[in-house]
Amino acid sequence: MPEFHRIEELPQRVGGETVVVRGWVMTTRSSGKIAFVALRDGTGYLQAVLSKKDVSAAAWDAFGKLTQETSVEVTGTVRADARAPGGVELTASDLVILGPSVDFPITPKEHGTAFLFEHRHLWLRSRRQVAIARVRHEVIQAIRDFFYERHFVLVDTPILTGSIGEAAGHLFAVEYFDLGTAYLAQTGQLYVEAAAAALGKVYCFGPTFRAEKSKTRRHLTEFWMVEPEVAWNDSDANMRLQEEFVCYIVARCLERRNTELAELERDTAPLERVRPPFPRISYTDAVAKLTALGSDMAWGRDLGGDEETLLARQYDRPVMVFNYPRAVKAFYMKENPADRRTVLNNDMLAPEGYGEIIGGSQREDDYDRLLARIREEQLPEEAYGWYLDLRKYGTFVHSGFGLGVERTVAWICGIPHIREAIAFPRTLYKLWP
RNA sequence: UCCCGAGUAGCUCAGCUGGUAGAGCAGCCGGCUGUUAACCGGCGGGUCGCAGGUUCGAGUCCUGCCUCGGGAGCCA
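All you need for my numbering is the position in the first sequence, starting with 1, plus 70.
Fair warning: there could be bad hints in the mix.
Across the chosen pairs, the derived CB separations fall in these ranges [what the hints assert, rightly or not]:
1) Glu73 / Arg345: 44 to 54 angstroms
2) Gln448 / Thr379: 28 to 38 angstroms
3) Lys135 / Glu335: 42 to 52 angstroms
4) Thr161 / Glu219: 42 to 52 angstroms
5) Arg326 / Leu194: 48 to 58 angstroms
6) Thr113 / Asp438: 50 to 60 angstroms
7) Asn328 / Glu188: 24 to 34 angstroms
8) Arg220 / Lys283: 37 to 47 angstroms
9) Thr113 / Asp151: 49 to 59 angstroms
10) Phe185 / Ile104: 28 to 38 angstroms
Worth flagging that the hints you see were computed from the coordinates, not collected in a lab. We put the CB at the ideal spot given by N, CA and C, even for glycine.
Based on the sequences and whatever the hints tell you, model everything.
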């Protein structure tokens with residue numbers, strides 16, 4: 071295969087030897103005897119300039135045939151040019167069409183979201199979607215580095231499962247040989263609790279599935295979640311870990327994805343403020359605060375979207391709300407010894423209206439109380455035998471949380487809908503492409 | 001499941017109290033030596049979501065259905 075160059079390396083080749091670039095045509099412009107081709111190759115953007123008098127008739131003819139998304143090979147020399155958005159331009163000496171493109175559906179004009187998502191496989195090529203994909207990549211790499219640096223061990227939990235994670239919620243069911251119905255995982259948490267007793271500090275990171283018929287900008291039926299679990303961490307230590315974790319992710323994106331955030335026209339000032347300590351407020355205090363702000367929120371109800379938004383608006387960085395009423399939370403959360411109406415849990419609400427990005431808790435480590443809660447929720451006791459075993463053989467204080475990757479990416483990118491934060495979103499009405 | 005909203009050209013939309021279907025962009029043809037969603041001139045382009053009803057006449061009014069979007073609930 072002949073050698074060619076990536077656009078990202080061209081600034082180092084200004085004034086140098088001839089280079090060859092392969093990529094896709096975004097737009098073309100011409101003024102009769104001079105022609106411009108805006109190119110994308112995945113590593114960057116480049117404008118190639120062709121002068122009719124300096125290129126072969128074949129190359130000039132090829133320019134005339136260029137349409138949006140034609141794949142091409144352009145040969146030329148790199149020149150610094152203040153007029154070029156990227157600082158450099160390619161003075162082309164040759165242009166060859168590699169793959170024609172007829173009637174590309176996404177024009178450089180306005181489109182509605184329904185149309186764009188029907189063409190998601192092509193929409194991914196747009197500058198904006200490329201920028202989002204790169205931020206998502208950075209978020210995920212930051213997550214892995216954070217845990218690696220702190221000696222957490224990655225444990226992959228099953229996606230197909232016989233027992234069910236949390237109480238209600240709708241699960242996707244699939245046929246599983248002679249063993250009947252299996253369900254797609256909606257959390258890896260129960261498994262990661264088992265692994266914490268083996269490895270101390272662990273996390274799982276994978277796709278998770280919720281069959282709820284949610285139709286909001288914050289929900290997907292398939293999304294990615296990272297769930298750390300730490301032996302000997304109480305709820306307080308859990309919140310400190312969350313704070314450190316989120317600060318790490320945001321700082322990393324600011325440091326390494328500035329170009330992409332600028333491309334997305336993200337105001338980074340609110341992100342610069344994401345530094346410890348995050349405000350913490352108990353559920354009970356939050357209810358009082360909301361009431362004072364005019365909400366009709368009553369103690370005992372879970373915080374709804376409106377309440378979360380109103381509360382989060384009171385702070386300039388993520389806020390942690392802790393110790394919710396036991397009745398509205400999952401069976402595995404540890405009862406608060408100081409106030410038995412509540413559990414030792416917390417949510418983290420992102421600012422700027424992005425809502426809940428983390429849900430976490432200290433886990434119930436008392437065998438009898440956990441069993442009582444399983445019965446109270448009328449869960450199938452036999453399915454939780456192995457989970458109860460963890461309290462039977464050397465029970466231990468432990469805590470963990472789940473962070474939603476798409477919600478985090480949407481917040482950092484400042485994009486209005488979570489669906490743009492994943493390459494191929496799965497929603498109630500979208501299984502294709 | 002419930003509550004709102006929208007379906008008209010490839011795309012984004014306009015179309016008033018019912019009277020021969022419109023614009024911008026995209027596409028095609030032509031022009032222009034520095035364009036950045038280039039610009040200028042010309043050309044083609046329609047089962048008005050589907051079915052029924054009212055009417056001399058329905059994109060427009062009525063009924064039902066379908067599809068999609070936003071929100072609620074649930075949650076990351």
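Status of the hints after comparison with the structure:
1. Distance hint check: the CB atoms of Glu73 and Arg345 are about 46 angstroms apart, consistent with the given range 44 to 54 angstroms.
2. Checked against the hint of 28 to 38 angstroms, the C-beta distance between Gln448 and Thr379 comes to roughly 33 angstroms, which is consistent with it.
3. The supplied range of 42 to 52 angstroms is broken by Lys135 and Glu335, whose beta-carbon atoms lie about 34 angstroms from each other.
4. In this structure the supplied range 42 to 52 angstroms holds for Thr161 paired with Glu219, their Cβ-Cβ distance being about 45 angstroms.
5. Against the hinted window of 48 to 58 angstroms, the Cβ-Cβ separation of Arg326 and Leu194 comes to about 21 angstroms, which falls outside the hint.
6. For the hinted restraint 50 to 60 angstroms between Thr113 and Asp438, the CB-CB distance of approximately 59 angstroms keeps it satisfied.
7. Checked against the hint of 24 to 34 angstroms, the C-beta distance between Asn328 and Glu188 comes to roughly 32 angstroms, which is consistent with it.
8. As the Cβ distance of Arg220 to Lys283 is approximately 38 angstroms, the hint placing it in 37 to 47 angstroms holds.
9. At roughly 19 angstroms, the beta-carbon separation of Thr113 and Asp151 lies outside the given 49 to 59 angstroms, and the hint is violated.
10. The hint said 28 to 38 angstroms for the Cβ distance between Phe185 and Ile104, and at roughly 34 angstroms that hint holds.
Checked against the numbered hints given earlier, this structure breaks hints 3, 5 and 9; the rest are met.
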